[in-house]
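> As a plain string of letters, each chain reads:
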Amino acid sequence: DTAVSQTPKYLVTQMGNDKSIKCEQNLGHDTMYWYKQDSKKFLKIMFSYNNKELIINETVPNRFSPKSPDKAHLNLHINSLELGDSAVYFCASSHRDRAWHEQFFGPGTRLTVL
Amino acid sequence: KQEVTQIPAALSVPEGENLVLNCSFTDSAIYNLQWFRQDPGKGLTSLLLIQSSQREQTSGRLNASLDKSSGRSTLYIAASQPGDSATYLCAVRRSNDYKLSFGAGTTVTVRA
Numbered sequence: 001d002t003a004v005s006q007t008p009k010y011l012v013t014q015m016g017n018d019k020s021i022k023c024e025q026n027l028g029h030d031t032m033y034w035y036k037q038d039s040k041k042f043l044k045i046m047f048s049y050n051n052k053e054l055i056i057n058e059t060v061p062n063r064f065s066p067k068s069p070d071k072a073h074l075n076l077h078i079n080s081l082e083l084g085d086s087a088v089y090f091c092a093s094s095h096r097d098r099a100w101h102e103q104f105f106g107p108g109t110r111l112t113v114l
Numbered sequence: 001k002q003e004v005t006q007i008p009a010a011l012s013v014p015e016g017e018n019l020v021l022n023c024s025f026t027d028s029a030i031y032n033l034q035w036f037r038q039d040p041g042k043g044l045t046s047l048l049l050i051q052s053s054q055r056e057q058t059s060g061r062l063n064a065s066l067d068k069s070s071g072r073s074t075l076y077i078a079a080s081q082p083g084d085s086a087t088y089l090c091a092v093r094r095s096n097d098y099k100l101s102f103g104a105g106t107t108v109t110v111r112a
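Chains as they are written, first to last, in our numbering: chain A, 1 to 114; chain B, 1 to 112.
The set of hints was computed from the structure by calculation and includes no laboratory data.
Keep in mind that this is a model prediction, so the values were computed, not measured.
Ideal Cβ positions, reconstructed from N, Cα and C, are used throughout, including at glycine.
Hints should not be assumed to be uniformly reliable.
Once the Cα atoms are required to be at most 30 Å apart in a straight line, the calculated DSSO-like pairs of lysine-lysine come out as [unchecked claim]: (1) A:Lys52 to A:Lys36; (2) B:Lys68 to A:Lys67; (3) A:Lys41 to B:Lys42; (4) A:Lys19 to B:Lys68; (5) A:Lys22 to B:Lys68; (6) A:Lys22 to A:Lys40; (7) B:Lys1 to A:Lys41; (8) B:Lys1 to A:Lys40; (9) A:Lys36 to A:Lys71; (10) A:Lys22 to A:Lys71; (11) A:Lys9 to B:Lys68.
For each label pair, taking beta carbons as the anchor points, the in silico distance ranges come out as [stated by the list, open to error]: (12) B:Gln81 to A:Leu114: 20 to 28 Å; (13) A:Glu102 to B:Pro40: 32 to 40 Å; (14) A:Met15 to B:Gly16: 25 to 33 Å; (15) A:Leu114 to B:Ala78: 43 to 51 Å; (16) A:Asp18 to B:Ser53: 28 to 36 Å; (17) B:Ala9 to A:Leu27: 43 to 51 Å; (18) B:Ala79 to A:Lys40: 40 to 48 Å.
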């Protein structure tokens, strides 16, 4: 299936732990994104990479570090997890030269910090 | 800063009625506007994308219009069905910007 996939789908962990979320797209896109959807369902951009280069870095605590090993992957590592990090994290991708940068989203990772 | 507002926040209609969902944005210098559907506990599905130079886009029972000068877009869903029940999100991309700014969504319930 051509899609944006994320692992894991659910992540439950203790405060203070370090965790990673992985994202892969097989759509041939050159741009990938991480969004956070909080408890009020509001979606906000966190990071974006274009051809493995960081192009968007919103006001996010530096405990969050994205890593893009190649154009098809964008991972999110979170250090020293806090209660307020509980949310659903969505990965998305698009292509600069196709379909006017239409963004396609993954299924989301629901992170719960206890 | 681009601010996106969706009204109403929630909508309940009987099956067969047409749906009208509104989206407004503060900065008219947009590149495109995208409408998404989100089912509970699921990801976002792209429904329609309208380029800044376009006035409307259609896909099946869905029609989205764009009035860039007034900062408005409307999503029409004809002959609603219970399967249309979901949250509908509007997102705007500014010119020369990779970011999508999202509205808070309109949660639609279609009653059988």
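> For the pair we were handed, Lys52 of chain A and Lys36 of chain A, check the Cα-Cα distance against 30 Å.
holds, 20 Å
> Between Gln81 of chain B and Leu114 of chain A, does the C-beta distance stay in 20 to 28 Å?
For Leu114 of chain A against Gln81 of chain B, whose Cβ atoms are near 40 Å apart, the range 20 to 28 Å is violated.
> Taking 43 to 51 Å as the hint, is the beta-carbon distance of Leu114 of chain A and Ala78 of chain B inside that range?
With a Cβ separation near 46 Å, Leu114 of chain A and Ala78 of chain B satisfy 43 to 51 Å, so the hint holds.
> So if I understand the rule, the pair passes when the alpha-carbon distance is 30 Å or less; does Lys19 of chain A with Lys68 of chain B pass?
violated, 42 Å
> Taking 30 Å as the top limit, are the C-alpha atoms of Lys22 of chain A and Lys40 of chain A close enough?
Given pair Lys22 of chain A, Lys40 of chain A holds - Cα atoms ~24 Å apart, limit 30 Å.
> Cβ-Cβ distance between Glu102 of chain A and Pro40 of chain B: within 32 to 40 Å?
violated, 24 Å
> Hey, Lys22 of chain A versus Lys68 of chain B, does the alpha-carbon distance stay inside 30 Å?
violated, 37 Å
> Take a quick look at whether Lys41 of chain A and Lys42 of chain B sit within 30 Å of each other, Cα to Cα.
Between Lys41 of chain A and Lys42 of chain B the Cα gap is close to 12 Å, so the pair holds against 30 Å.
> Given the hinted pair Lys22 of chain A and Lys71 of chain A, is their Cα-Cα distance within 30 Å?
holds, 13 Å
> Honestly, do Met15 of chain A and Gly16 of chain B meet the 25 to 33 Å range at C-beta?
50 Å Cβ-Cβ, so the 25 to 33 Å window is violated.
> Is Lys1 of chain B within 30 Å of Lys40 of chain A, Cα to Cα?
OK: Lys1 of chain B and Lys40 of chain A at ~21 Å, within 30 Å.
> Between Lys9 of chain A and Lys68 of chain B, is the straight-line Cα distance small enough, at 30 Å or below?
violated, 37 Å
When held up to the earlier numbered hints, the structure conflicts with 2, 4, 5, 11, 12, 13, 14, 16, 17 and 18 and fits the remainder.
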